[in-house]
Amino acid sequence: MLFSQLQFWLFFAIVLTLYAILRHRAQNRMLLVASYVFYGAWDWRFLGLILLSTGVDYFVALRMGRENNDRRRRYLMLVSLTMNLGLLGFFKYFNFFADSMHDLLSALGFQPSPLVLSIVLPVGISFYTFQTLSYTIDVYRRQLQPTADFLDFALFVSFFPQLVAGPIERASNLLPEIANPRRVTSEAFGRGVVLCTTGLIKKIVIADGIAPSVDAIYQSTAPSGADILLATWLFAIQIYCDFSGYTDIARGVAKMLGFNLMLNFRQPYFATNPQEFWHRWHISLSSWLRDYLYISLGGNRKGRWKTYRNLMATMVLGGLWHGAAWHFVAWGAYQGMLLTVHRALFGRQGGSLATVRDGFERPRPRWSAGVKRLAAIVLFFQVVSYGWLLFRAESLAQVGQFTQSILHLDIAQFAALSIPKLPVPTVLAIACLLLWDALIERYGPTFYAGWATSLRGALYAGMVYLLAFGATTATSAFIYFQF
Numbered sequence: 001m002l003f004s005q006l007q008f009w010l011f012f013a014i015v016l017t018l019y020a021i022l023r024h025r026a027q028n029r030m031l032l033v034a035s036y037v038f039y040g041a042w043d044w045r046f047l048g049l050i051l052l053s054t055g056v057d058y059f060v061a062l063r064m065g066r067e068n069n070d071r072r073r074r075y076l077m078l079v080s081l082t083m084n085l086g087l088l089g090f091f092k093y094f095n096f097f098a099d100s101m102h103d104l105l106s107a108l109g110f111q112p113s114p115l116v117l118s119i120v121l122p123v124g125i126s127f128y129t130f131q132t133l134s135y136t137i138d139v140y141r142r143q144l145q146p147t148a149d150f151l152d153f154a155l156f157v158s159f160f161p162q163l164v165a166g167p168i169e170r171a172s173n174l175l176p177e178i179a180n181p182r183r184v185t186s187e188a189f190g191r192g193v194v195l196c197t198t199g200l201i202k203k204i205v206i207a208d209g210i211a212p213s214v215d216a217i218y219q220s221t222a223p224s225g226a227d228i229l230l231a232t233w234l235f236a237i238q239i240y241c242d243f244s245g246y247t248d249i250a251r252g253v254a255k256m257l258g259f260n261l262m263l264n265f266r267q268p269y270f271a272t273n274p275q276e277f278w279h280r281w282h283i284s285l286s287s288w289l290r291d292y293l294y295i296s297l298g299g300n301r302k303g304r305w306k307t308y309r310n311l312m313a314t315m316v317l318g319g320l321w322h323g324a325a326w327h328f329v330a331w332g333a334y335q336g337m338l339l340t341v342h343r344a345l346f347g348r349q350g351g352s353l354a355t356v357r358d359g360f361e362r363p364r365p366r367w368s369a370g371v372k373r374l375a376a377i378v379l380f381f382q383v384v385s386y387g388w389l390l391f392r393a394e395s396l397a398q399v400g401q402f403t404q405s406i407l408h409l410d411i412a413q414f415a416a417l418s419i420p421k422l423p424v425p426t427v428l429a430i431a432c433l434l435l436w437d438a439l440i441e442r443y444g445p446t447f448y449a450g451w452a453t454s455l456r457g458a459l460y461a462g463m464v465y466l467l468a469f470g471a472t473t474a475t476s477a478f479i480y481f482q483f
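All letters in the sequence shown, in the order written, are residues 1 to 483 by our numbering.
Since the hints were derived computationally from the structure, they do not count as laboratory data. Relax, there's no trap hidden among the hints.
Cut-off 35 Å, straight-line C-alpha distance, at most; resulting in silico cross-link-like pairs (DSBU-like, lysine-lysine):
#, residue 1, residue 2
1, 421, 372
2, 306, 92
3, 302, 92
4, 306, 372
DEER-style ranges, computed between Cβ atoms:
#, residue 1, residue 2, range
5, 379, 444, 24 to 30 Å
6, 414, 345, 30 to 36 Å
7, 409, 74, 50 to 56 Å
Don't be surprised by glycine CBs; every beta carbon is placed ideally from N, CA and C.
Build out the structure end to end from the sequences listed, making use of the hints.
If you want it as structure tokens, here you go:
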């Protein structure tokens, strides 16, 4: 069930109706059943994996919480790591490493027999694996007390709004919301509807409207440098709208049920450097990589060169998390290189004019500083966009071909573009989104709260109109579902 399909909204209408007439504990049980129905609708065989992950991590964490012997605690943590990473490694990476080993041996002159298994990648396995791992690691570090309620923990693992593509929630945030009674106010419900509408516009008006143009170039045999450059810029918009659109809908659906999921994006293309970008892009993953991988490797505590090593290792593994292909590894290495160079040049605090961390408060720059920041935003967007070329490419060979075409770009190529034109509603929606994100960047996410009711009503009516008349006829799965 895709968020962009009528089937999901019929499912959610039933869930919401039952939710409204049940009390707290019954609500949780119903949500757990609904989450398993939602996940099983993709492939009922996947349910066994999520149940296994849930059961093992529940009992491991419960035992760790009662165990004072550090050696036994490490053993229990190893059980959780082995089970979770073993499942993820087999289903997502077995064929990748088997193919890579086959290619390596062939290059060395051997003639190995190919070993390829017909493995179906369980949807969302990368997300819920990281979510359950964060729980057991927090318990192991004594930063969290394990829950004794198995059904509450099962709902934490499988909560359907964020199950298949995040945000990757922490137990310290989501478990208390599950355990405590929830009260859905009309204001919260309305905010949920607005979030869902915003997410649907991003997905089916912008992302799905852009997709045919991007696909046409990336599937072409010899596109011009101008076509590649334009397609890569468009893909940067597509992946942002596709992924943040999913997150908006997930947060909106959860909001209508009384849950507050974490913010996953903060206007990432307004970043001026890689450090700031990763404080704004896929925040739940970047913070997970920081807290559970980068810090575990030593972080910045063991000298400058080991800090650079840890940054590179974290981002390379982060790239591999996205997909079992070498171009994802290259994308991760590229991001690691950017962070390492930035750290080397500017130190830990970075050199941005306004680094975003936990809030939206930032100084309002003077005119000259604003111009410099705008120039930095535009320049860094080009740096980020090249990373998206690595991400979107079908292979490293295509990366090399496309990079060479861009380096030999001729301005005259822009007069003979072959990339398909975008639908008018898509162009209008992109312009509206750019303006909206700029206003949020300048004034904060609730800048319109003080508007007159009639003005806000006109805004909402415009959103509904854009969604109704700008939706593309052919919708596709969310990009991050493949991870």
